[in-house]
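Colleague: Here's the letter readout for the chains.
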Amino acid sequence: MTTIPELSEYKYGFRDKDVSVFRAKRGLTREIVEEISKMKGEPDWMLEFRLKSLEQFYKMPMPSNLNSKWFSLLPGKLDELNFDDITYYVKPSERQGKTWEEVPDEIKQTFDKLGIPEAEQKFLAGVSAQYESEVVYHNMQKELEEQGVIFCDTDTAVREYPELLKEYFGTVVPPADNKFAALNSAVWSGGSFIYVPKGVKCEVPLQAYFRINSENMGQFERTLIIADEGSFVHYVEGCTAPVYSTNSLHSAVVEIIVKDNARCRYTTIQNWAPNIYNLVTKRAVAERGAHMEWVDGNIGSKLTMKYPAVVMKGEGAKADVLSIAVAGKDQHQDAGAKVTALAPNCTATIISKSISKQGGKVTYRGLTSFGRNSEGSKANVKCDTLILDNESTSDTIPYNEIKNDNIILEHEATVSKVSEDQLFYLMSRGLSENEATQMIIMGFIEPFTKELPMEYAVEMNRLIKFEMEGSIG
Amino acid sequence: MSTPNLSIRDLQVSIEDKQILKGVNLSVNGGEIHAIMGPNGTGKSTLASALMGHPKYEVTSGSVTINGEDLLEMEVDERARAGLFLAMQYPSEVSGVTNSDFLRSAINAKRGEGNEISLMKFIREMDKQMEVLEMDESFATRYLNEGFSGGEKKRNEILQMMMLKPTFSILDEIDSGLDIDALKIVAAGVNEMRSPDRGVIIITHYQRLLNYIKPDFVHVFMQGKIVKSGGPELAERLEQEGYDWVKEELGIVDETVGHRV
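Chains as they are written, first to last, in my numbering: chain S, 1 to 473; chain Y, 1001 to 1261.
The shape of chain Y in the complex, shown without the other chains (with noise of 0.2 Å):
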């Protein structure tokens, strides 16, 4: 098997005509780690939902490509299928369903009719993983994000992660509201998933994280794109110095997109 590509070109979006995304570049290898950097208001995570396809952003311009197919044309459960997965910052709660019942379902939806998964493997492996991730047996019957704390929805999130396997994740600050321990453990279940097969993208404002998450390329973020890209020495830089230097070197007065978001 070639190895696995995400390709985004000159990327731009919208949100309700106001433009977000000015021209994005990035391409992402399997075996690969990129952290996405920048502060607030900058675009982070409107890349990470146009990637996967939420209907509220409109792409005007550019291409994407998942192993060489237009991830663009595809409705966000076909990118799914394609092998994109987003770990959502503010993930929703749906009452009455429960988490494994919702797991096992959208393992199923990705394999396909006539070959599900086995009710027994399927527990096992949520077991397995749910270990990793230090969860309490009880999330496995409690209905998907209610009642659950911030970190209690993040490590959900990488726990359908785990799950699902998928070729490309993008981890949408995921640290965000996360203790110390909660980091350790939610890191520890990325650098699980890493392989040859897979690529990461970390959107994240705090060099925090990848101090246990070894990133191969760092990308700053601003106005809408990346700015400045480089190798893990410049996640350490920005966290001694902070941004102000990139603007400087860049001469960037605002480095929002003027829409918070």
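Just chain S, same shape as in the assembly (with noise of 0.2 Å):
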């Protein structure tokens, strides 16, 4: 007989020493938004950028259901984060390095634990990897950068590559668009700039790992990703976090420019601790014929809000969200996606796979908007949800904006649980009842699974079978 392992516990809840060599004092005030600036050696016009954010931040109200139509069932969670017990900027170590060796020892075992360099020799074209606010290390393939890709982090590209920051920086999220990208903007550190040149094909992706590793720390990491005409670019991002009895914040803002005929294709895997808030907004712009994926899994965390949006400018443009959410014990996945039709013939594909179990809650936030020129587009949206146990939850919220009539606007939800009969079927083929709730679960997420590139998709499956193990009986 199978014995059912323990329950699971996060598996990369590991801390590890505090080696930083700077970390801002708790709290935000105008004081430490300019010692970042300075710190970082920025040109006055990041730090007027973020100064001017910093006023956006204060004078925008919480969101909620009283300010805010698209927060209606807001998720309580919410009012307990305290934003003066958050520090926002802590810088790991003085350089960057370009190969691990240069990394400092107690980081490098952090990334060394979680299989970030095996990863790299193995399938990656490029790699960095965020520890606190900071870009600790960094490396391409010489290949790319001989046909001008750019893949730096974003305070590199801020010095290196001004014209091209100014261009496009906060121009797909600006600062007002909603409170956490106002403190984005006016606190962000690292992330990723990607630049990919008219007609360059990126074959393999390039991928970032994002580490939180304090208590009460804010990561704020920034990425924006430009594919020029008719060029391609995979990028995929994984983060993870210690486990600690306070909450920590991950407040990222992603900003994609996905020119005409381009492809852009964004994965992202996060898997954070059970006392993080993930509040992150991501936007892309796409133009016309230009193609704009979402691949998006959500594990973990204290509560997500993130709903990836594609703005289709162009005729003909293309969007596809397709992401899963996991919510445990304690925990809400208030995920979905928003898709803009501005111009003719666009299409939008949003489909949406979530998981409750143990009490944790899932909800489906989705916008569907046809402009006045969206004639001959569609979208058609897919909501569906698994719940495990009587105590867990599911709610599904759409909002539709329509104001062409030549549209097509479908929209399919379905709630199941694991029947009594499918396990029976599946036991009486010598499955325990463990594996049989395991192969139901991993053929309710294999549409998202199947989109990951392969290593990912064993690791995605993993993971699931982890945060699956002793949620059964």
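The hints are simulated quantities; they were obtained by calculation from the structure and are not laboratory data.
Since the model is a prediction, treat every value here as computed from it, not as a measurement.
Treat the hints with care, since some could be wrong.
These stretches of chain S come out as covered by chain Y in the derived footprint (C-beta under 8 Å, 3 or more residues) [to be verified]:
1. 414 to 427
2. 438 to 449
Facing chain S, according to a computed beta carbon distance under 7 Å, are these residues of chain Y, among others [to be verified]:
3. V1076
4. A1080
5. R1081
6. L1086
7. P1091
8. V1094
9. S1095
10. V1097
11. A1106
12. A1109
Think of the CB as a built atom: it goes at the ideal place given N, C-alpha and C, for glycine as much as any other residue.
Given two chains presented individually in distinct reference frames, assemble the corresponding complex, making use of the accompanying hints.
Modeller: What follows is the structure, encoded as structure tokens:
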């Protein structure tokens, strides 16, 4: 007989010694923002951008169902987030490594435990690793560099590619977009900057890895990707953090510009500890014939609020948002997608798969918007939820805005449970209850995992299995 | 190795406090094929599901042993690993899980960790059995039973049986919804499995299937138990004369258990 494993713990919950060389005081003041900018040696325009954003942040109320139609039925957990308890900037080391040997030992050990250097050797074209606020390691294949691909951390980009930065930074997600975007704009640090020149196709993915190590730390990376005409890039990010008794905040902003006939795929596998607030604004603009794909996997965190968006600005633009969310005990995944068609013949597909268990809560919050010029556009939304027990819940909150008569919008939502008959069937072939349940769950998320690069699909399956162990019976 | 044996003694089973099986006695040895025949609603399928351990059915009395071990003490998966197989009348669909992945997991669950079947061997075996059952190779990569027609599901059940090679198979109305060609194919699959190491229980209301799979014993099921047993000639008589003569002979008015299942 097989024994059911012990209730799993968060696997990446180990913490390592604090080796930081600078740590800002808790709380958010103008002085701290100035200090961050000064330490980074930023140009004035960026400091100004930060300070204006800070004003915005102070001015804007916490999002709630009282001030936003979008946030009807907003999760209550947001009230517990205290901005004064957060450390907004932690600098882990003096300089960035080009080889893993140059990365400080303690930090390198962390990434070793996470298997990052190994992954780089095996299947990545470029890797960036962010620890707390700063990118500590960065490397990219020579081949891509020779083709003119830029892949660096965003701080470096501010110094080395000021023209590109000034042109695009903050244009897709302006600071006033929402309170957390304003916060990120004020205190952002790290993140990836990618520029892919016209017609260049990056065949293998570029990856960034984000690790929060400190307690009460806020990680505010800022990512900007520009896929120039006819190019292709696949960017993959992974995130983890240790388990602490108090909360940490991850509030990233991701801006993507997909130019005419270019294609960008952005894959996220987030596996946060259960004390992380994960409040992220991700948005892409797709121009004529461009194709933007968000592949978004959310496991863990205390509260995730994330709605990857695509603004289809040019004729024939395409948007795909494929997401899964897994909510366990005391967790709320408030996730979804926003697609906006502003030009004719745009196509959007949203597939959302969520799983709730042990009292977890999943909400699909989605927007499909068709502007006046969206003649001939269509959108297909499919939300499936799998609820594993009677304590867990799910909600679907779709918003539709339609200003053109000649569009097609399809919406389909299903909620299912693992049925007694399915379990009986699989068990009657010799699978244990645990194996049978896992098989049903794996099948449920298969539309997601089949889109991941093979190595990630394997990892994802392992993660979900791990997450599900002990949640049965 | 001694002859495999499945023994059912005075099995009584209820569903939601309603008694369905009222004392079933049956002993099946390796090499034997038993046909259980009877009209609808007499409890035949309940017997099949209860033996496999469906949680809906509660065994209130009696015992079942498989090769001397207490079957009723085992979980569903343990029963499967002990050598019992049920080809279901209405198999579940599982989206996102391919037929071949499922089958390989099931085979490996039985073989145990460290003794997994090699991928090549598995593929060869599956190809071979699918050929016997005249299944298109696309069925290997299709999701488990999803979108399968009734007949395709039945073939898939037999495919699983042929791959898992159970000691005792129960075929629950495997012939319903099959046209004559499909019936012949399914029968060929069952006949191929015939060996002194394996026993089969075929549950059916028609004699039709038994033209292609010759049973050694035929049992008539009414009112939640076996009321008459005989050889293959009993099936032929039932085919020609129906069930009324049995009822008359035994003084049965209503053959059902008063609860359709």
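Colleague: For every hint, state whether the structure bears it out.
Modeller: To see whether the hints hold, each was checked on the structure:
1. 414 to 427: holds (count 8)
2. 438 to 449: That given contact holds, which follows from 8 residues of the region 438 to 449 of chain S lying within Cβ reach (below 8 Å) of chain Y.
3. V1076: holds, 4 Å
4. A1080: With a minimum Cβ separation of about 4 Å from chain S (threshold 7 Å), the hint on Y/A1080 holds.
5. R1081: It holds, given that the least Cβ distance between Y/R1081 and chain S is near 5 Å, below 7 Å.
6. L1086: holds, 6 Å
7. P1091: It holds, given that the least Cβ distance between Y/P1091 and chain S is near 6 Å, below 7 Å.
8. V1094: With Cβ-Cβ at 5 Å, under 7 Å, it holds.
9. S1095: holds, 5 Å
10. V1097: It holds, given that the least Cβ distance between Y/V1097 and chain S is near 4 Å, below 7 Å.
11. A1106: holds, 4 Å
12. A1109: Result: holds, 4 Å to nearest chain S Cβ.
Checked against the numbered hints given earlier, the structure satisfies every one of them.
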